[in-house]
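Asker: Residue numbers (the working numbering), protein chains in the order written: chain A, 1 to 127; chain B, 1 to 127; chain C, 1 to 127; chain D, 1 to 127; chain E, 1 to 127; chain F, 1 to 127.
These are computed hints drawn from the structure, not numbers from a lab.
Here the structure is a predicted model, which is why all the values come from computation and not from measurement.
Hints are supplied without guarantee of correctness; some may be wrong.
If several chains are the same, the list does not tell them apart, and a pair holds so long as it fits within one copy or across any two.
Said to hold, decoys possible - Once the Cα atoms are required to be at most 25 Å apart in a straight line, the calculated DSS-like pairs of lysine-lysine come out as: (1) Lys82 <-> Lys24; (2) Lys15 <-> Lys91; (3) Lys57 <-> Lys82; (4) Lys91 <-> Lys24; (5) Lys15 <-> Lys82; (6) Lys57 <-> Lys91.
There are 6 protein chains.
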Amino acid sequence: MSDQTYEAGLELRRKMFGIDGADKRIEAASDFIRPLEDFVTKECFGDTWNRGVLDHKTRSMLTIAMLTALGGQGGQIRNHVKGAIQNGVSKEEIREILRHAAIYAGVPRSVEGFLNASAALQELGLE
Amino acid sequence: MSDQTYEAGLELRRKMFGIDGADKRIEAASDFIRPLEDFVTKECFGDTWNRGVLDHKTRSMLTIAMLTALGGQGGQIRNHVKGAIQNGVSKEEIREILRHAAIYAGVPRSVEGFLNASAALQELGLE
Amino acid sequence: MSDQTYEAGLELRRKMFGIDGADKRIEAASDFIRPLEDFVTKECFGDTWNRGVLDHKTRSMLTIAMLTALGGQGGQIRNHVKGAIQNGVSKEEIREILRHAAIYAGVPRSVEGFLNASAALQELGLE
Amino acid sequence: MSDQTYEAGLELRRKMFGIDGADKRIEAASDFIRPLEDFVTKECFGDTWNRGVLDHKTRSMLTIAMLTALGGQGGQIRNHVKGAIQNGVSKEEIREILRHAAIYAGVPRSVEGFLNASAALQELGLE
Amino acid sequence: MSDQTYEAGLELRRKMFGIDGADKRIEAASDFIRPLEDFVTKECFGDTWNRGVLDHKTRSMLTIAMLTALGGQGGQIRNHVKGAIQNGVSKEEIREILRHAAIYAGVPRSVEGFLNASAALQELGLE
Amino acid sequence: MSDQTYEAGLELRRKMFGIDGADKRIEAASDFIRPLEDFVTKECFGDTWNRGVLDHKTRSMLTIAMLTALGGQGGQIRNHVKGAIQNGVSKEEIREILRHAAIYAGVPRSVEGFLNASAALQELGLE
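Okay, chain A solo, but in the shape it has when bound (with noise of 0.2 Å):
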């Protein structure tokens, strides 16, 4: 894979998740991590999110309605609702694909994911 993949997983992580998601984070990865973070930068942020056809932002609201239906990632659903504001999808939209969640995946996801949210979302000053 090119740098130019990784360096563009770089730029989104940077705008979803700021420097201290992003920069930060792989400079502290260790040895053990690190694997994962460059597989992340690259394979996910840089390759699949920059696929096209569907944009960031539809990216971003499809991806919180997959951790909501795995189930047991709440802080991963913390981090993406603050990509997702970072992405463009708004407080109203996230409300909504976590409450379609409770008819596909169950209330009990749908409550994982709204009290996750609604947690990134008070420290984004939003909520």
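Using the hints provided, position chains B, C, D, E and F relative to the given structure of chain A.
Answerer: Coordinates of chains B, C, D, E and F only, in the frame set by chain A:
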């Protein structure tokens, strides 16, 4: 819940799944399955899908994402891929939802999604 | 959905989770979380839990079984263990539900269930 | 584990699944599958199901709830619906377990449960 | 990602799944499914499987373990059991992976694993 | 099940988790949790882990793989990473199991695995 909500749900089921997936399926429902059909028509399609903020096309994309992340629901992926086409989701957008799922739900769930979506698209003469 | 159903759901939430888990939680709900609280009060506790055939004690046992099988929902297991006690489920019956889950949901889910149920029972002074 | 526990498990398998789902299935088991059959007969049906506190009818209801929440286990839902009938669970109680699952495990899992339960009940001439 | 990685992935797919599961499947892929096939050949088999530290036999055992724990992926369990045999995993080792899963993923997932593995081994004339 | 099996399980728990994770945890177990501890000691560690064909090191790797695929089990991943080190699994092998999981269980589950494994390794002074 008002009959108006039920009628709105029935109308959306007709639009997404046709008469066979709406009226005929409901008429054929036994007393055993009827409570599920009522819940799906009223709460799911009548209420949740019509809450606004997210349009039907977006809710179809989110539903495919959640079904793929849940796993083991091939038949419902096939139905919702057909419904998604009716709601204006393009074949390329469905492809990207499932390709995005390879990262967030894992390759096995993505494979399940692609195989069932391809089968549904073939039934529609689109694949 | 009639106000009667909402009131029945609120009453059951009070019985199972107390004023703090019902009225106060609903009053504290932001506009963001309110759609979830409304769905939970009306559709979940007001409608589904009051459909009959299965009494509230049995539905509490089934809810703990489903939450344990889903996994990743420790907080909701703690809440529903407290609600189950209010619905007449004994500590020994909760123990057997979670022990049964060791076979059908696997030891990790069962461990998660036991640790969270034990914490909830301790808060109730029952463990 | 004593032979007495194995015999108790075999007896319960016969009661719930008949000779075909017990003796004949065990006799037909290859060396590859035998360790599973032994575990299921002894630990599952011989030990766990006979621990008391919860009777067999209640354990059948909990098992259907867990299988539905796990998802992707249609064949085992069909088998356990048949076994549940033998343990005294009524068709209406099975319906309510699966309708309850629409809230706690989500509509897709509930649909999977209803379709497989209906197929099993039809084989029993009850649907 | 270099063509070298793609070629390494194609070679491994041939070794594990034969020409039918590699070249012919890739040639038969529609434009809809091609992005999945490319990801699987390059990122999955070309890159991840060839990272070293764990040999192909060990990665086959881990893959069967993960597919069994995920649930609902019978078809992919059958494919990977065949691939595992090609990577030097013995029938007895596959049996023990699935028996181990009875404890950690629960009996239903283990049953799904055993039934699909047995079917795959029969196709190979090994069961 | 013979006391010999229980003793073998207790011995393995001591080897993997130390006196605190074995004897002391069992002694501290309330009547509520004891049935779980007994099942884990006898059926899990005494019987299943000692079935042979796969050594303890391999079973530790498979257990980490299954826990990561299940999701939502961070605490048990931390415990089993420590146990895996005692069973001879290297830090690099654990890294590769979790990196492999990024493909088969998805990035979110892999992230959960890496974060918990890193925390466990730090407690051991290995990270």
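Asker: Cα distance capped at 25 Å. Does lysine 15 pair with lysine 82 within a copy, between copies, both, or neither?
Answerer: within (10 Å within a copy, 35 Å between copies)
Asker: With identical chains treated as interchangeable, where does the CA-CA distance between lysine 57 and lysine 82 reach 25 Å or less: within a copy, between copies, both, or neither?
Answerer: Answer is both; intra-copy 12 Å and inter-copy 24 Å each pass.
Asker: Using 25 Å as the alpha carbon limit, work out where lysine 15 and lysine 91 are close: within a copy, between copies, both or neither.
Answerer: Classified as within; 18 Å inside a copy, 29 Å across copies.
Asker: If the cutoff is 25 Å on CA atoms, where do lysine 82 and lysine 24 land: within, between, both or neither? Let me know, please.
Answerer: Answer is within; shortest intra-copy Cα gap is 17 Å, inter-copy 28 Å.
Asker: Within a copy, between copies, both or neither: where do lysine 91 and lysine 24 come within 25 Å Cα-Cα?
Answerer: Intra 27 Å, inter 24 Å, cutoff 25 Å: inter-copy only.
Asker: When no copy is specified for lysine 57 and lysine 91, does a C-alpha distance of 25 Å or less occur within a copy, between copies, both, or neither?
Answerer: Both, since 13 Å and 19 Å are each at most 25 Å.
The structure shown violates none of the earlier numbered hints.
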